Each structure stands twice: as structure tokens, then as C-alpha cells.
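J.: Working from the sequences, and respecting the hints, build out all of it.
Top to bottom, those sequences are chains A and B. Counting from 1, one number per residue, gives the positions in the first sequence under our numbering. Counting from 1001, one number per residue, gives the positions in the second sequence under our numbering.
Read the hints as simulated data drawn from the structure, not as lab findings. Values in this document were obtained by computation on a predicted structure and should not be read as measured data. Careful: at least some of the hints might be erroneous.
Selected chain A positions facing chain B (in silico; Cβ < 8 angstroms) [said to hold, decoys possible]:
1. Pro77
2. Ile88
3. Gln117
4. Arg126
5. Asp186
6. Thr265
7. Arg297
Not close to chain B: a few residues of chain A, all C-beta gaps over 10 angstroms, as computed [stated by the list, open to error]:
8. Ser81
9. Ala91
10. Arg124
11. Gly142
12. Pro202
13. Asp204
14. Arg250
15. Leu337
For glycine and all other residues, C-beta sits at the position ideal for the given N, C-alpha and C.
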Amino acid sequence: MTTMAERTHTTASASEPASSTRTLSFSKAINEGLRAAMRHDDKVMLMGEDIGPLGGVFRVTDGLQAEFGEQRVVDTPLAESGIVGTAIGLAMRGYRPVCEIQFDGFVFPAFNQITTQLSKIHNRTRGAVQMPVVIRIPYGGGIGGVEHHGESPEALFAHTAGLRVVSPSSPQDAYTMIQEAIASPDPVLFFEPKSRYWGKGPVDLEAPVGTDTLNTAQVIRQGTDVTLVAYGPSVTTAVKTAEALAEEGRSAEVLDLRAISPIDTAAVVASVRKTGRCVVIHEAPVFFGAGAEIAARVTEECFYALEAPVLRVGGFHTPYPVAKHEHEYLPSVDRVLDAVDRAFAH
Amino acid sequence: MTTTNGSNEAIPTLQLLDPQGNRVTTRGTKGYRDRAAALTAEDLRGMYRDMVLTRRFDDEATSLQRQGELALFAPARGQEAAQVGSAHALRPQDYVFPSYREHGVLHVRGLDPVDRLRFFRGSDHGGWNPTEHNTSVYTIVIGAHTLHATGYAMGVQRDGTPHDKNDGTAVITYFGDGATSQGDVNEAMIYAAVNDAPVVFFLQNNQWAISEPTSRQTKIPLYKRGEAFGLPSLRVDGNDVLAVYAATQEALERARTGQGPSFIEAFTYRMGAHTTSDDPTRYRTSEQEEQWRRRDPIDRLAALLRAEGALDADFDAEIKAEGDELGAQLRDGVRALDGGSAVASTFDDVYATPHGVVAAERAWYEAYEAGDPPASQYAIADSAQGGAR
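T.: This is how it looks when you write it as C-alpha cells:
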């Protein structure tokens, strides 16, 4: 496994734009990634509620049923366990289903199928049956949603062996990672930061697929004084924090995990051994969250390099708050700056 | 035949063979009688052999559990007609999704008998390769596999397999009366119905979900659940191998010819315990058990075969010898199952592609077992933790 220190920058913005590069919104980038995967392999099919003529409530599947037909873009009954359970059977027959769960809070009717079946069938059959199923879940807050429309349940899935859990942070990664998730023979929980759906960025539509984005973190911004570890919607927060810190004369490195199962421990460790400080940011509650796992790993592997304890900024151990107050709950630049200040106070 | 389900309401139930082993001629059942009549004496003897061997498998496995050789066993005693009769209607290209008690089905599908006990030995979470006999491994979370069966059938549809009563492909899933209360089973019937998926829902109503009688699961006869979802649904005498065979064959042909899903309730009785850990004396009467012993599915078919001159002492001796051979094979084979190396058994096949967390934990554990664990549990090369700054 290469470490981050050895890896080169691969973000689209880091190189000259290719002629195949377009400016796309995050949601359109996933749409194009799905289209590319479906053109590449006719076993790829989409399943979910309202994903056909409507194109999904976030329009991520817009136009795909018109292009690929009702057999490959399936409007399912309103039953999430059924979506995942039938996707498992389709995978057994050789298909590669991509399931859309309409909102984060609606994944729980399918929780049993995901954690006791999807995650275990490859192991149960000693590798005879693979489960190339992707479950797309729009997640996270910040869009003024009602109850169950702003949650971040990713840690619940990372705690189950057999699943891969990833979350892209940019349109380019969204485009590439959805294709790599579909190509994976393992089940992938694909968490899409819904607050970023409308944000635009460059996407190289001919970017190579097979770049191991499901296993590797990526340094978004180089720095020397503190490592900000984030994924999904929190990467933007981390970058903004790093920009604010730069004005104060502090140099922050931003590491986008991309995956929380597995965690690219080597990348995190390499960065923190360099900077000596680590702040982990995610929207999910910090209590038993991904940040706790990262803090433990960093503490064990960077103990003598650390200038301060690993700190976490994230949600509280409360139900996701009402829309009127969600911006106080979500990890903001100010709260991350506060954590960085505390790290420097040691 | 009609039975009652605790109420006074008579429930229409297909029966072609009465408990005394006489062929039954009831108005409206000609189609089913024709299917049963197409079975030759040799076919019936084959069913009988499979039912007797299924019971022998049960007895041997129960003994092995009592000797401490199996962690657990779930006997199928009493359900041999439901299982063997339905499995005889299957074709090799059909796909089976069992729950965990379908020893008769697995026997007919040709699975190795020792493999069928790997799960109960505690040496495997599955035990066989599903692709070799088009038969999935056991699913322990009740009812979850009925959705897999439905999805598999949706895949069969997309493959464009021929609509033909012989060459078409059907899917069958087995589940019990308790499972009918699970959301997944109800969702599976919805998905199957709206997609016209070629799947047969085969309910073995053995009347007991561990200790809970069917009255704790339903107010109506369970075949009506299928009807309510728009599935052609039929209740059959589950201890009548002819009725089970005929009804299943009809439903499978419906699936193979593109006519969608069906639901069969085989009304039977779990003569034994739920598993070797269960104690039925705490929740049901010996009178009820005795009443069902008199309806034993194997005795019923034996009576028919004798009456039709198809069962003699030689054939009985042949099956007995085959059963003895099966018993010896099970005793030797099960004792030899040790689950392989702990590391391989635990860490292999968690993922199909390398996963950093599993790889690091495996490497660390192997080194620990070898007496030389590295400082890092996370496969970080330099374990000096960055050194003092």
C-alpha cells in the first residue's frame, strides 16, 4: 500500500483541464458516472423509489430510464428492505444493482438486509457468491429538511464487516467513485453529501476508472501545522477552515478520507506524523463516530509525534435537530477553528 | 379435504391421498389428479426412498447432536412429504432458496449429506457452493431469503430465459408459518406480484414457530395471505406427497411460462422439536403429537405403494441398507469436519477484494499466534510512532 506521502495529487484542479473536462454539479457528476457504468456493462441496473420518470427526488437518475429502459432503471415499491433484498437476489443471478435510498433516515427498514445478508453472503458462501451491490444514500444536513432528512448514519455500516463505506467530496470524485463502486465485487454503501449536490466543479469524463478511490485517502491541501481529517460534506468545511487558518499564519493539511471502511490509516498517520496535530470533522455524532476510530489509530501510531490530543468536531449525541437549528449543530468553520485553537494551546 | 384452523370455518385443502393411503377423487381436482397419475410406480418409489432417507438423515443428525458432534440440529420430521414432494417437481435449472430445515429438499437436489451438516457442526456459516446445485445456503434471519428469491427471479426475467413449461426457469423459496409475519416475506410477495416474477412461495405451515402456535401469527388461513397480494394461492395437505407434488408442479409451470408468482401453503406438522435445544412438552400436548403421528406422511405413501404392489420386502431392505450407508457416511464425515485453520476460516472471504482493516488485523493476528506480534496493529511500517518531535 502506498502512503499519502508517496502519492501524487490527483484532483482535477491540480492538473491542466483535459478536453474531456466539463463543469458539472455534484449530482450531475453522479448521473454521468451512472450513465458511463450502464453503458459499459449491461448488467448494471438501478433500483429505487421515484428514480424513473421523476429522475429521483434529487434528479441524480435524471434521463437514465429514458436511455436504458424500465428493466434497467426500476421504480420499486415503497419498501426499502425489498429494494436491497431483491438487489441481493439480482446480484446472485449476475446483475450489478445500484440501489437508491431516497434519504438517509429511510435506510433503516433495509438495515437488516444490509447488515445480516448483503454484508455476509460472500463470506457465508466461502467466496462462491459475490455481492456487487451499491447502495446510494443521500446523507447529511444543511438543506433545511424535516426529520430523517439530515442524518449521517455511516458509522452504523462501517461497524459491519463485509461492507465498504465511502463518501465523495467533489464532483470529480463523485464521478469516478460511483463507477469504481459499481465495478467493485463487494457491497458498497455510497454516501452522497446532499448539501453538496448543487455545488459545481470540473469533471474529466475520461478520467480513468480503477484508481482505488474506495481504499485511499487524498490530500486536498498540503500543510505543516495541523491535519484536518474529513470526508463527504465536511471536506469543504475543512478547506474553508484551512483558508481561514492561512490568514492567521497557520498551515493546515486537509485529508479527504473518501472511505471510512476501510480507513486509509497509513495516509492519516503520515500526515499527522508530519503536522503533530489532528482534528477530525464529520457531521455524524462524535460519540462512537468515525472520528473516535481515527483518534484511537492516530494516538497509537503517532504518540510521540503528537503535540496535542486528537480532537473531534461533529454532531452531538442528540436526535438530528430541527431545520431551524441545524446550522448550530453542524460542524462549522468556527467550531473547527475553535478545535484547532485548543490543539495549539497544548 | 377440509380442515379447521382452530375455528369452525372449513378451509379448502387439496388432498389426493388420504391418511390411510387411498387415492382421493374430489370434484374439481382433476387437473391435479392427472399430474399425480402421470407419476409412474418408479417415480413414487423414488419419492418414498427420498422421504425415508430424509427421516434417516434427521435421526442420524439428532444422534450426532446428542453425542456433542453437532452444535445444533433442526429436524424436519413430519415434513418429508412437503419437502420431497415439492422438490421432485423442480428441474435442475430451477433455483431453490431454503430456510434452514429443508433437509428433504436438499437431499433431492443432490447436495452432499455431510456438507448439509457443516452449518450445524459449527464449521461453516454455509456449507456448499450455491451455484453447483442451484440451491442457496441456509438463511437464519427468518424470511430474509424470500426477497433474495424474488430478486433472483427478477434476474431470470431479465435474462430472457424461454417461457416453456419444461425449459423455462423457476425459483422456489421455502419458509414457515412464523415467517409469514415478517415484513420481508410480505415485501417479497409485493415485489414478486408487481414484477410478475417467476417465483413460487412455498409455505410449510408446520403449525409451530418454536413455541408459538399459528394463532399467534394469523387470524386467517395463511394461503389467503398469498391471495391478498394477487398471487394464485392454494392450500394443500402437506402430508400428502401427491397433492404437494401436483400443486408445486402447477405453480412452477406457471412461473416457467411467464405467468408470474404463486403461493402454496402446505399444511403439515413439525413432529419433532424446533431444534435440539427445544422442549415441546412445555407448550403442546402429547395428544396433539399423537394425533399427527397417525397422519405420518411416510406411512401414508407406504400404504399407497403396498396397495398398488409397488413396495415389497426387497425394496424396504434396499432402502434400509442405503440408510445404513448414509448413517455411516454422516458419522465419519461429520466427525472429520474441523473447520480448517482459525485464521483462514475467520479472515478469508470477508471481502472479495483486499480491505485494509481486515488485512492488517489478519497480519497482526498471524504474527501474534506465531509469538512475534508487531508493535502496530494497523500495518504501519514504522512503529516508532513518528519519533519525538
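J.: Run every hint past the structure and note whether it holds.
T.: Each hint, compared with the structure:
1. Pro77: This interface hint holds because 5 angstroms falls under the 8 angstroms limit.
2. Ile88: holds, 5 angstroms
3. Gln117: holds, 5 angstroms
4. Arg126: Arg126 of chain A check passes; min Cβ-Cβ to chain B is 6 angstroms, inside 8 angstroms.
5. Asp186: holds, 5 angstroms
6. Thr265: holds, 5 angstroms
7. Arg297: Holds, because the Cβ-Cβ distance from Arg297 of chain A to chain B comes to roughly 6 angstroms (cut-off 8 angstroms).
8. Ser81: violated, 6 angstroms
9. Ala91: violated, 8 angstroms
10. Arg124: violated, 4 angstroms
11. Gly142: holds, 30 angstroms
12. Pro202: Holds, since 29 angstroms exceeds 10 angstroms.
13. Asp204: holds, 24 angstroms
14. Arg250: holds, 17 angstroms
15. Leu337: holds, 23 angstroms
The structure shown violates the earlier hints numbered 8, 9 and 10.
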